[in-house]
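Trainee: One letter stands for each residue in the lines below.
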Amino acid sequence: MAKKNNRKKRKIVSRTLSKRIIYRDDAPVFKFIDPNNNDKLSEMSGLDLQDLMILIDDYYIKLRNQLGFGDDITFGFEIEFEHAMRTTIYDRLYNIFPDETWIMVGDGSLEAGAEINSPILKDKIKTWEDLNRVCSIVEPLAYINDRSGGHIHVGTQTLGDNRDSWLNFIKIWSVYENIIFRFTYGNYLTARPVMQRYSEPMTKDFWRFYEKLKSTNADLNTIINTISNTKYQAVNFNNVSRKKCSSYKPNNTIEFRCPNGSLDPAIWQNNVNLFVNLLCYSKSSSFNDDIVEKRHQINNDRFSSLGYYDEIYLDQALELCDMVFSNNFDKVYFLRQYLKSFKVRNDNSYKKSLKFTKKGIKKVV
Amino acid sequence: MKKSKINGNHLTKIQELKKKKMLLKMKKEIEKLEFNKRHLKISNFKNKIIRDFNISMCTVRLVAPYALTAGITFGALSLTPLGMPFIMDNKKQKKETKQTIDSFGKVKYEEQYGAFKDYYYTISYFGKWKPDKDSFYSREVISYSTTNVSDDKVEKAVNDNEINSLEDIFGKPISKKTEKQNNLTNDEINKEPYLEANLYSKNNSDYIYAKETVGENVTVTALWLIITLLCEYFPLSYRADHPDFDYYERIDNINYKYSNINIKELEKKLEIKKANYYRLTR
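First to last, the protein sequences are chains P and E. Position one of the first sequence corresponds to residue 1 (my numbering), numbered consecutively onward. Position one of the second sequence corresponds to residue 1001 (my numbering), numbered consecutively onward.
Keep in mind the hints are simulated off the structure, nothing from the lab. Hints are supplied without guarantee of correctness; some may be wrong.
Said to hold, decoys possible - Ranges of calculated distance between the beta carbons of each label pair, as one might list FRET restraints:
1. 1266(E) / 95(P): 53 to 63 Å
2. 1017(E) / 300(P): 34 to 44 Å
3. 45(P) / 1246(E): 43 to 53 Å
4. 1266(E) / 315(P): 19 to 29 Å
Even glycine gets a Cβ: it sits at the ideal position worked out from N, Cα and C.
All chains should be built: construct the whole structure from the sequences, respecting the hints.
Mentor: In structure tokens, the structure reads:
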């Protein structure tokens, strides 16, 4: 007689996952909310939210060994750093990657710095182990400074060929850019000083493009050409293949330029998790146009300068993470990096937040 | 929503305290912004006072090592006989005497308090007047330096009219010139060659106090400037090796933190803070 399968099957509602991930974590925050559920945090009562905020603040995020992406999702990193002992870094990198898959190149925009470009990566255990190794090599031999960015490339096939997906993406980016920016400041409380120059915010432009492209019923090529204004914007579409977006060409990527530089692999992973989930949500049938429209009305052109992105917009952040993530574990990771212990910068310096990550790799099952 | 309990609550006592602190902080921030909104002028005035004070302190910190160096060199120079830079000091002027003697026994004294501006330690040979063109007469005047010769020897040479031993006593002449003159008296024409010398002396016990001249003061001031500039190398070098004080960055931060409150920005910030607070307390 066949044994009964007594194990509870946890239903994971996911738009991005094709891998089943079961999160197990004994931290108090995951006794408060089940990491594998997809609770509507934006509908939580104030009292519960207070408790959740405190529990999140006491939680330190770690590099995970998997994120749950399908094999169709590819990404890459450009790890920039300054005041570096470049020869030593190069030698140590070469020792670990003699095939030069992870390669160090010069970058004239950095002060005595360089950048390490990853190969095309997928969500594998080895990817995160390699990222961890690379960050460990660089960390004692370089600094993250005013000019260091943390660009992430995601394969355009993630968004696909559907014009509506693209319009959804620029719409959601326009409306939630303030949330995305503060999140991608990483362990800093504000944008790096050269942000406007190398990674210009796009909230107004993207909305303008969205309205124009929607009303003119533009085709995909026109959409891509319109939004590929310049390389130096928060999201760079200049590498996108015009012939077929969903093709797996090495350089067919959407480049996210807004993240601040970091040598913390947990932050890199958290950033890529947000971007991939944003793209997948834009593509999904559950894209909630009403919420995004409503939020656009509430925003009401309030972001007249980049300084406003430093503030915490709690309601809006909860709304975004409810839309984009499909499990509480990802949401907690997102909120921890977004809230940064509720600290907001109060002077003009490029200040770090309190630490919110821990070293080591977290195994998810 | 699943709620597990830790010690009867899902928060520990420390976490409960942290929660209260967080809400209190948020509330205080809102109250501060509301106060600033109601009392915008006072808030801006207060900000200006704090901002100016902080900038002054920053400037003092920037300038202090250099000012201190300048002060030390000023004090050091003031202790020397050169006196203080910039200030026209009262300087001790000793009585000086210039004595001119010649081989005919003629003695002329000039006395003053303070150094003679132009004085030459010389003995001069005046030759006999000889007729020249157009009823002019000419004579030779040869001068020798007496710097390295004692006053006694100079006096003896003049008194003894030692015309033929001048080079032996005083060395090579320092100048040779020809004087031409008309309307000479017979006594002058018939005068034999003679020697004339200048002697100087200083009386240390006879002096007065007088203000230094502008030129002297300018010289002392210029000297002080040069010494100070050279000494400033030390604090400059120390700062370069220990760059923990970025003046302009600090000023930027002070200006940012205590900038004049813009009412629109204030209202936006207040709206954001209130929204977060109300979301947590609804």
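Trainee: Go through the numbered hints given earlier and state which of them the structure violates, listing their numbers in rising order.
Mentor: none
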